[in-house]
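A.B. asks: Reassemble the complex: the two chains are provided individually, in unrelated frames, and hints are given to aid placement.
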Amino acid sequence: MDALWTSTGLANMSWRELAMICIACLLLWLAIRKQFEPLLLVPIGFGALMANLPLSGLMAEGGPGETGGLFHYLFYGVKLEIFPPLIFLGLGALTDFGPLLSNPKTFFLGAAAQVGVFGTFLAASAMGFTPQEAASIGIIGGADGPTSIYLTMKLAPHLLGAIAVSAYSYMALVPLIQPPIMRLLTTQKERAIRMEAGAEVPTWVRIIFPIGVTIVAALIVPAATSLIGLLMFGNLLRECGVTERLTRSAQNELINLITIILGLCVGVTMSGDTFLRAETIKILVLGCVAFALSTAGGLLLGKIMARMPGSPVNPLIGAAGVSAVPMAARVAHNVAQETDPHNYLLMHAMGPNVAGVIGTAVAAGGLLALLK
Amino acid sequence: MQVGATVEAKTQAFVLDAMKMDTYIYAPHHGTVQEVCVQVGDTVQVGMVLARYRSEG
Numbered sequence: 006m007d008a009l010w011t012s013t014g015l016a017n018m019s020w021r022e023l024a025m026i027c028i029a030c031l032l033l034w035l036a037i038r039k040q041f042e043p044l045l046l047v048p049i050g051f052g053a054l055m056a057n058l059p060l061s062g063l064m065a066e067g068g069p070g071e072t073g074g075l076f077h078y079l080f081y082g083v084k085l086e087i088f089p090p091l092i093f094l095g096l097g098a099l100t101d102f103g104p105l106l107s108n109p110k111t112f113f114l115g116a117a118a119q120v121g122v123f124g125t126f127l128a129a130s131a132m133g134f135t136p137q138e139a140a141s142i143g144i145i146g147g148a149d150g151p152t153s154i155y156l157t158m159k160l161a162p163h164l165l166g167a168i169a170v171s172a173y174s175y176m177a178l179v180p181l182i183q184p185p186i187m188r189l190l191t192t193q194k195e196r197a198i199r200m201e202a203g204a205e206v207p208t209w210v211r212i213i214f215p216i217g218v219t220i221v222a223a224l225i226v227p228a229a230t231s232l233i234g235l236l237m238f239g240n241l242l243r244e245c246g247v248t249e250r251l252t253r254s255a256q257n258e259l260i261n262l263i264t265i266i267l268g269l270c271v272g273v274t275m276s277g278d279t280f281l282r283a284e285t286i287k288i289l290v291l292g293c294v295a296f297a298l299s300t301a302g303g304l305l306l307g308k309i310m311a312r313m314p315g316s317p318v319n320p321l322i323g324a325a326g327v328s329a330v331p332m333a334a335r336v337a338h339n340v341a342q343e344t345d346p347h348n349y350l351l352m353h354a355m356g357p358n359v360a361g362v363i364g365t366a367v368a369a370g371g372l373l374a375l376l377k
Numbered sequence: 528m529q530v531g532a533t534v535e536a537k538t539q540a541f542v543l544d545a546m547k548m549d550t551y552i553y554a555p556h557h558g559t560v561q562e563v564c565v566q567v568g569d570t571v572q573v574g575m576v577l578a579r580y581r582s583e584g
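Chains as they are written, first to last, in the working numbering: chain R, 6 to 377; chain S, 528 to 584.
In case anyone wonders, no lab produced these hints; they're calculated from the structure.
This structure is a prediction, so every number in the text was calculated from the model and none was measured.
Mixed in with the good hints there might be a few duds.
Below, in silico cross-link-like pairs of lysine to aspartate or glutamate (EDC-like), each with a Cα-Cα straight-line distance of 20 Å or less [to be verified]:
#1 R:Lys194 <-> R:Glu343
#2 S:Lys537 <-> R:Asp345
#3 R:Lys110 <-> R:Asp7
#4 S:Lys537 <-> S:Asp549
#5 S:Lys537 <-> R:Glu343
#6 R:Lys308 <-> R:Asp345
A few chain R positions that, by computed beta-carbon distances, are all more than 12 Å from chain S [to be verified]:
#7 Asn17
#8 Gly68
#9 Arg188
#10 Gly203
#11 Gly217
#12 Asp345
#13 Leu351
Have a look at the derived ranges for each label pair, beta carbon to beta carbon [said to hold, decoys possible]:
#14 R:Pro136 <-> S:Gly574: 37 to 43 Å
#15 R:Asn257 <-> S:Gly574: 29 to 35 Å
#16 S:Ala536 <-> R:Asn257: 41 to 47 Å
#17 R:Leu23 <-> S:Val567: 50 to 56 Å
#18 R:Ile213 <-> S:Gln539: 52 to 58 Å
#19 S:Tyr553 <-> R:Glu205: 53 to 59 Å
#20 S:Arg581 <-> R:Pro185: 53 to 59 Å
Where is the CB? At the ideal position from N, CA and C, for every residue including glycine.
With the rest of the complex left out, here is chain S (with noise of 0.2 Å):
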């Protein structure tokens, strides 16, 4: 995911690694990326954000 790239609704967003499984984190909306919040390998907390982007349609 990178910053100006278009997402559609429901595509693979991000990968979280938790208990030895993969989630897969959707995008909830069609959109074009403004901002990734995160790196490949962080940590991540219940409520942080992700990555913010402008809903399109």
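Excised from the complex, chain R in its bound form (with noise of 0.2 Å):
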């Protein structure tokens, strides 16, 4: 009868799964009841649940003659850093970049949208973490999950679940951070400020770009191939116009699939000796400066370019370059909106937009060089 009772799951349950269960059962109801990032905290959350179920041996190392857990064998694909770029690919061919190629100075938007990510990597190497995690939690501030995952694999695995839940959950969070910061620091006349539409961008523009972006990327941050690469891959895929049964998959079947794999690994990491620290209160909270000091870095060099001469750029197109896609473009639009209800930046500020997605992976590869 004993013997029965410590076989159980429940005899082995401490205290430190108990609250890691209560934390996947908050991740799963923020996705389910009110829609955080539903797609990716879903499997994140249930993940979660499951690893800390004791005894279950889903990431157990196995042995000899011995199969290891489930998870141990699909946690590969992370820490062989095989899904994130995969998911890249898909993101790639669902990525429009049409309004960055239409008005390529909102490159720069997109570029500044990075200062997040190094000055909290400053603010967390102050506050004592090594280089190697300081990099991990300030590419939070790139507002990009897979960047992020790819990141912190390299150099600091052990935070990996902190570090995804913290980006995963600001992404969501981006409607309620950034509206506060931008009518901060910009005026109401330049939140009124209208843009005007772009030129149609030929096909042959929007072919050669995602070849020349890989080719001057990788030159330029070896590192940041493998995400780079597979992005331009993608975008490639979908704008040659001969390939539309791979562009298909790559939009649909083959990201979903990443996705659902990618955020059950994730999830799984979120073990209670790993995730129950400071350090993870500590993470969360640099994980939001990081995320504020990424839109003020976009709206302040927005602000300079709206002194420039050429054509009007609104500044609040610049809190959009923190990628997060294309939630911040929406923010972008709903408060210009609150000051003129017939201004439409939506489509201006996916420039930024999409160029913060190449900008984080850029930084992401810099800092790899650096502390690799």
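C.D. replies: So this is what it looks like as structure tokens:
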């Protein structure tokens, strides 16, 4: 009877696991009830739930003549950095770089919004994190899940759960975090600036763009090639016009399958002893700081651009430089409409928004080159 | 929105769906609709005319 009892999970439950199960249920509740990034937080939450049921052996390594746990094997996709670039392939196939190409100067806004990545990197270093950990925390400010996971796996894999949860939660909170900063840093007059519709982008430019970006990015930041290369490959599939079947696969089945497995794998890393630490709270706070700094960085460059000659720029689109596609662009559009309901910024904000994705991947490559 | 209808300034005239978001297009001023150039479900391009109407006051 005693042996039967001790073989149950219940007898082996510690307070940490109990607390983690509550956190997993909280994530599921946020995702299902509040619709916080549900496509990501449902798999992450459920993974975290399974990981904290004692004796399940999901992550067991196995040994000679013994099979390991399911997630021990699935996790190789994360450990060997296969999943994040594959997600980028799907993202590339889904992303229309047209708004960026028709107004190329918005590329700089996507770059300026990486300020939070480096600012938070310095802040986290000052708070006692190692440079590798600090870089992984800073990249949260890029508001890009796959890049955060990719960099963290390379530099500070023990922080993966906390960083992924922080990155995805704040992305869901973009409509709450950004508007106050946007209203604070811009004037009524700036928010009312109307932008001109960009020129139509010819097909050959759309085809040359992914090829050119891959070559330039790989030459300047070789460490970012697997992310940028696959992002651009996905985009080439979309724009070249002769690979429609592959494009559809990349946009739907491929990205969905990988999202499911990546989400579960990230969730499974959230075990009590790695997640329930003071560092996790610090990471959550620093992640929020990173988002705020990146938003401010994009806005400030936007303000400078608004003062320069040439076609008018509404500084609000700078805030969309923190990737989080397309949520940050929607936020810029909505904040502008508070001031002038006839101002339609959405597609203008997509330029810095998609530039932010490239910017974050390049920033990650730079940090990798420095710290690996 | 129908031909002959009167629209008040700042009322919602159209709803566009872009980037998974509804974008409301507001009437710039008061007037009467003379022609609606698009149908529900049409894909619109930058610069396209959605409707013409005569402004009153």
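A.B. asks: Each hint should be assessed against the structure and marked as holding or not.
C.D. replies: Hints and how they fare:
1. R:Lys194 <-> R:Glu343: holds (12 Å)
2. S:Lys537 <-> R:Asp345: Holds, because 10 Å separates the two Cα atoms, which is no more than 20 Å.
3. R:Lys110 <-> R:Asp7: Distance ~71 Å between lysine 110 (chain R) and aspartate 7 (chain R) Cα, so the pair is violated.
4. S:Lys537 <-> S:Asp549: holds (17 Å)
5. S:Lys537 <-> R:Glu343: The given pair, whose Cα atoms are some 13 Å apart, holds under the 20 Å limit.
6. R:Lys308 <-> R:Asp345: holds (18 Å)
7. Asn17: Given a closest Cβ separation of 44 Å, the condition holds.
8. Gly68: Since the minimum Cβ distance to chain S is about 48 Å, glycine 68 (chain R) lies beyond 12 Å and the statement holds.
9. Arg188: Check passes; 20 Å lies beyond 12 Å.
10. Gly203: At roughly 8 Å from the nearest Cβ of chain S, glycine 203 (chain R) sits no farther out than 12 Å, so the non-interface label is violated.
11. Gly217: At about 25 Å from chain S, glycine 217 (chain R) clears the 12 Å cut-off, so the statement holds.
12. Asp345: violated (10 Å)
13. Leu351: It is violated; leucine 351 (chain R) is separated from chain S by about 6 Å at its closest Cβ, not greater than 12 Å.
14. R:Pro136 <-> S:Gly574: 37 to 43 Å: Since the Cβ atoms of proline 136 (chain R) and glycine 574 (chain S) sit about 50 Å apart, the hinted range of 37 to 43 Å is violated.
15. R:Asn257 <-> S:Gly574: 29 to 35 Å: The hint (29 to 35 Å, Cβ to Cβ) holds, given that asparagine 257 (chain R) and glycine 574 (chain S) are roughly 31 Å apart.
16. S:Ala536 <-> R:Asn257: 41 to 47 Å: Hint holds: Cβ distance 43 Å, inside 41 to 47 Å.
17. R:Leu23 <-> S:Val567: 50 to 56 Å: Cβ of leucine 23 (chain R) to Cβ of valine 567 (chain S): about 53 Å, so the range 50 to 56 Å holds.
18. R:Ile213 <-> S:Gln539: 52 to 58 Å: Distance hint for isoleucine 213 (chain R), glutamine 539 (chain S) is violated at roughly 40 Å.
19. S:Tyr553 <-> R:Glu205: 53 to 59 Å: violated (26 Å)
20. S:Arg581 <-> R:Pro185: 53 to 59 Å: Roughly 42 Å apart at Cβ, these two residues miss the hinted range, so it is violated.
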